[in-house]
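Undergrad: Residue numbers (my numbering), protein chains in the order written: chain R, 1 to 330; chain U, 1001 to 1314; chain Z, 2001 to 2326.
Please keep in mind that the hints were generated in silico from the structure rather than gathered at the bench.
Beta carbons are placed, not taken as given, at the ideal position from N, Cα and C, and that holds for glycine.
Fair warning: there could be bad hints in the mix.
Claimed, not checked - If you anchor each label on the Cβ, the simulated ranges turn out as follows:
1) U:Arg1209 x R:His212: 51 to 61 Å
2) U:Asp1206 x R:Phe62: 10 to 20 Å
3) R:Gln71 x U:Tyr1204: 52 to 62 Å
4) R:His212 x Z:Gly2110: 32 to 42 Å
5) Z:Asp2075 x U:Ala1040: 29 to 39 Å
6) U:Arg1027 x R:Ser142: 50 to 60 Å
7) R:Ala279 x U:Ser1229: 41 to 51 Å
8) U:Ala1198 x Z:Arg2129: 31 to 41 Å
Said to hold, decoys possible - Which bits of chain U does chain Z cover? Going by a derived footprint, with three or more residues having C-beta under 8 Å, they are:
9) 1033-1045
10) 1137-1148
11) 1158-1171
12) 1242-1249
13) 1285-1291
To be verified - Residues of chain Z clear of chain R, computed beta-carbon distances all greater than 12 Å:
14) Glu2219
15) Val2221
16) Gly2228
17) Ile2229
18) Leu2244
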Amino acid sequence: MTLLSVRDLTVKFATRDSSVTALNRISFDLAKGERLGIVGESGAGKSITGFSLMNLLSRPGFIDNGTILFQGDDIVKMSESQMRSIRGNQMAMIFQDPMVTLNPVLTIGQQMVETLRAHRKLSQKEAEQIAIVKLREVYIPSPEDRLGQYPHELSGGMRQRIVIAIALLLDPQLIIADEPTTALDVTIQADIMELLLELCQSNKVGLILITHDLGVVSQMTERTLVMYAGKIIEAGRTREIINDPQHPYTQGLINALPQQTQPGNPLKQIPGNMPSLAAIPNGCAFNPRCEYALDHCRTTAPEIVQYAHVEVACHEVSRLHSDKSEERSA
Amino acid sequence: MSTLETIPPPSLWVRLWDSNMGYSFRRNPVAVVSLIIFVAVALMAIFAPLVAPFDPYDPAQIDIMNSEYPPIWIEGADPSFLFGTDDQGRDLWSTILYGTRLSLLIGLCAVALQAFLGITIGLIAGYVGGRLDSLLMRLADIQLSFSTLMVAIIFLAVTQAMFGSETFNQYAIYFLIVVIGVAEWPQYARTVRATVLAEKKKEYVDGARVLGFGPLRIMVRHILPNSMSPIFVISTVQVANAIISEASLSFLGLGMPPSQPSLGSLISSGFDYIFSGSWWITAIPGVVLVVLVLVINLLGDWMRDVLNPKSFKG
Amino acid sequence: MLAYLVKRVFQAVAVMFVISLIGFAIQDNLGDPLRELLGQSVSEEVRQELREELGLNDSFVIQYTRFLGKALQGDLGTSYFFKEPALDVILKKLPATLELVLGATFIIVGFSVPLGVYTAIRPNTILSRIIMGLSIVGISVPVFLTAILMIYVFAVGYGWFPSFGRGDLVHVFGYWETNFATLDGWSHIFLPSLALASIMLPLFIRLIRSEMMEVLQSEYVKYARAKGIWPWRIYFVHALKNTLLPVITVGGVQIGTMVAYTILTETVFQWPGMGFMFLEAVNRVDTPLIVAYLIVVGFIFVVTNTIVDLIYGLVNPMVNLARMGA
């Protein structure tokens, strides 16, 4: 059953005289309880996609076109008050840096209780009881004492656990996690990811995990979208994308992973940088960095089409594929 | 093109006009009008002796019989006095021009003194660091916790009582500059210190040190330019505040004497006559003072919006 | 907490010590107490005798110690003009000034928070633009001009309010007589309070607005929205509390500035407070009164700043008072 269905989502940023396109006709679906990874370099539009789903784009960004059907209702057309009753309730978000997401002058208890009471008629006591249960679920020791503490009294990892607990407070259908471990110590990143995976599986919550880390995506998600310069360039089952990437950019990303390189050799990096949104090249946005690019890649943008097991937006994908098969057979 | 044309490098003005600042300036009518008014007032003040029809400091040109003529658009006016005359029979227009000149002079000199003290102390505190830094910043806190105006009032009151009005009046302008100039140094010192601390960590400062440049040269040539834009913004606001402070002190009789009035003392002397109907002696210098301070504040606001990317436009 | 308090009080005492030194230096150099006591037609011998008797020939340190000892007992000398203890003269005038400051503070707090918050939340409405436009005019008009304008328009022109004095007062206790008990008292204090608030109010509106706008851009406000918190709670609980932290600090400094502005307001409205009295004392070279004023005002500054620092520490959970004392 489809939980979320995004069609032709286009997001623009107003500039001094005109606007730049940050998201260019994004379409994807998410089934109930499914876990989806969105991968790409910073600036590819991953976070903007996340905030668009919450209808929380801050100015000058705005949704220009498209639909976002969440449980059958279009979020783009919803009023602010309808949207408010969904946020935090059916759809929760985990922000990147737990050091700045929690309000420094409110206690953990206040920030949990207010979330519950914004959506349900509960007494202070009842809300606190639920908060304690959820804190226990994320393995916070002595949760009763935490309610009276301020964020600055807790470590980064502890704070992110609390943010996860807040996300689970109202048993949402979907959690959007925007780089939830990037700001944390490397040693606790894996713990937090494991916790998130465990909770999503046991509560049957849908997850959209936004990250630049393909390794994390392969552990956490069932399906993956690869984004480049505001477009989805490859989409499919995570295992297939990791094992047999079709788009040259995805291939480059996977080849750049440390485990793809023999120790002692330099990492294989994709040459060049992603273009800025204000200066996206004509044709396929990846063409200046692509070793397979031909003339028509520089003039016409490829549509995303089914190829092999995945969907991919590349004119030359078949040639690329046959090249690779030859390589293999040779 | 076959011939090599030499294109002259764009002048400072052209570069300024084309810059981001120039662009936002042209698009902001409030800033443009404010600058025009400020330049006009400043020019008239600077050239007061040429613009003014009378010399308000020359007793020979003052006739007490001419006192309290209204401005020319009101009945009973004398056509030779555009804005009428004050209680001593001085032409109000000329007196305002000379008064504006004094107000601007005191404001600018006081802020120059503030900036000099504050920048020096800020550079030293930030560069030397350690105990000296915390001592200086503690002093800055304490200094800031005392209102400048309060300190100035008490200092000037005591000075006046000590030296007597006559001597005091003679040196009033210097007292005003010093007292307004000394009290506000922490504003600059804090800003400059913050930049020094931020810049000190950067590589180019190490580079300069390795090259054997002395601390003075490093600070003045390398670090100071990085704090120019906040200094600029502070200075604009400070000039406006200094002019208000000067006017307030003169209004209380602790500043410029009536014989050599600034805008504040002119308003003060007019206040005694406001109930008898001679409103213009207070009102016209008052309007000039407010307009002068307002355009400086408006320019300061605009500048802060342009130079500080974190600020928000309303 | 206690350690912080002790440290803060110690600093306050140090500042008061410096102020007393300045006060003594003024006392020592300004005016001639003998002339005030004896008049001019007294022989040199008698003068010398009295100098010795008053201890005016003692060393600076001894004289200062004596001054400090007396000051600590509340003896700041006798006013030449009123022939009364200087401290008493000031304490009698203090309530008038404090009530004026109180009135202005009510106006400032009452209007700056809603207007500052409104202009931050809705920066582009016509009302916001009008408020911001008026506020920049407000900070550009000196207090004394506002006061004069108010008298000219509302007292002389329309005759709605009296133009000077305190009007009917009701005795509370000690030297304290209040304006706030009668209608006449209210009508007398209204214009002076408004004039006194006229420059601070726009300053605070602008400060609250810019702090609030910065806070509204923060991650935690965005996060609160993502949690589906009601907008009014985001504005008044999440954002305002963070906004007020820097405002409290500035507020403490501004209370001191307001005492300075009372001198201007009291002069224009002939308000019988200590600012008005101070200027008269200066004109009469009433040294003990000048020194007493300096010390009382210094004391007010130091006390308000200390209190504001403590309040800041209590309101801001990130300031660990116990640790700061160490």
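Undergrad: Work down the list of hints and note, for each, if the structure agrees.
TA: Structure-based check of each hint:
1. With their beta carbons about 38 Å apart, arginine 1209 of chain U and histidine 212 of chain R fall outside the hinted range of 51 to 61 Å.
2. At roughly 45 Å, the beta-carbon separation of aspartate 1206 of chain U and phenylalanine 62 of chain R lies outside the given 10 to 20 Å, and the hint is violated.
3. Taking the beta carbon of each, glutamine 71 of chain R and tyrosine 1204 of chain U are about 56 Å apart, inside 52 to 62 Å as hinted.
4. Checked against the hint of 32 to 42 Å, the C-beta distance between histidine 212 of chain R and glycine 2110 of chain Z comes to roughly 50 Å, which is inconsistent with it.
5. For aspartate 2075 of chain Z and alanine 1040 of chain U, the Cβ-Cβ distance of about 57 Å falls outside the hinted range of 29 to 39 Å, so the restraint is violated.
6. A C-beta distance of roughly 58 Å is found between arginine 1027 of chain U and serine 142 of chain R, which places it inside the suggested range of 50 to 60 Å.
7. The hinted window of 41 to 51 Å between alanine 279 of chain R and serine 1229 of chain U is violated, with their beta carbons roughly 28 Å apart.
8. Between alanine 1198 of chain U and arginine 2129 of chain Z the CB atoms are about 35 Å apart, so this pair conforms to the stated range of 31 to 41 Å.
9. Counting residues of the stretch 1033-1045 of chain U whose C-beta sits closer than 8 Å to any C-beta of chain Z gives 0, which falls short of three, so the coverage hint is violated.
10. For the stretch 1137-1148 of chain U, the proposed coverage by chain Z is satisfied: 6 residues have a C-beta within less than 8 Å of a C-beta in that chain, meeting the threshold of three.
11. For the stretch 1158-1171 of chain U, the stated coverage by chain Z holds: 4 residues have a C-beta nearer than 8 Å to a C-beta of that chain, and at least 3 were required.
12. Judged by the Cβ-Cβ criterion of 8 Å, the stretch 1242-1249 of chain U is covered by chain Z as claimed, because 3 of its residues qualify and three suffice.
13. For a cut-off of 8 Å, the count of residues in the stretch 1285-1291 of chain U with a CB near a CB of chain Z stands at 3, and the three-residue condition holds.
14. Against the 12 Å criterion, glutamate 2219 of chain Z falls within the reach of chain R, whose nearest CB is about 4 Å from its own CB.
15. Not every CB of chain R lies more than 12 Å from the CB of valine 2221 of chain Z, the least distance being 8 Å, so the non-interface label is violated.
16. Against the 12 Å criterion, glycine 2228 of chain Z falls within the reach of chain R, whose nearest CB is about 3 Å from its own CB.
17. Not every C-beta of chain R lies more than 12 Å from that of isoleucine 2229 of chain Z, the closest at about 5 Å, which undercuts listing it as non-interface.
18. Interface exclusion of leucine 2244 of chain Z from chain R breaks down, the closest Cβ pair being 9 Å apart, not more than 12 Å.
When held up to the earlier numbered hints, the structure conflicts with 1, 2, 4, 5, 7, 9, 14, 15, 16, 17 and 18 and fits the remainder.
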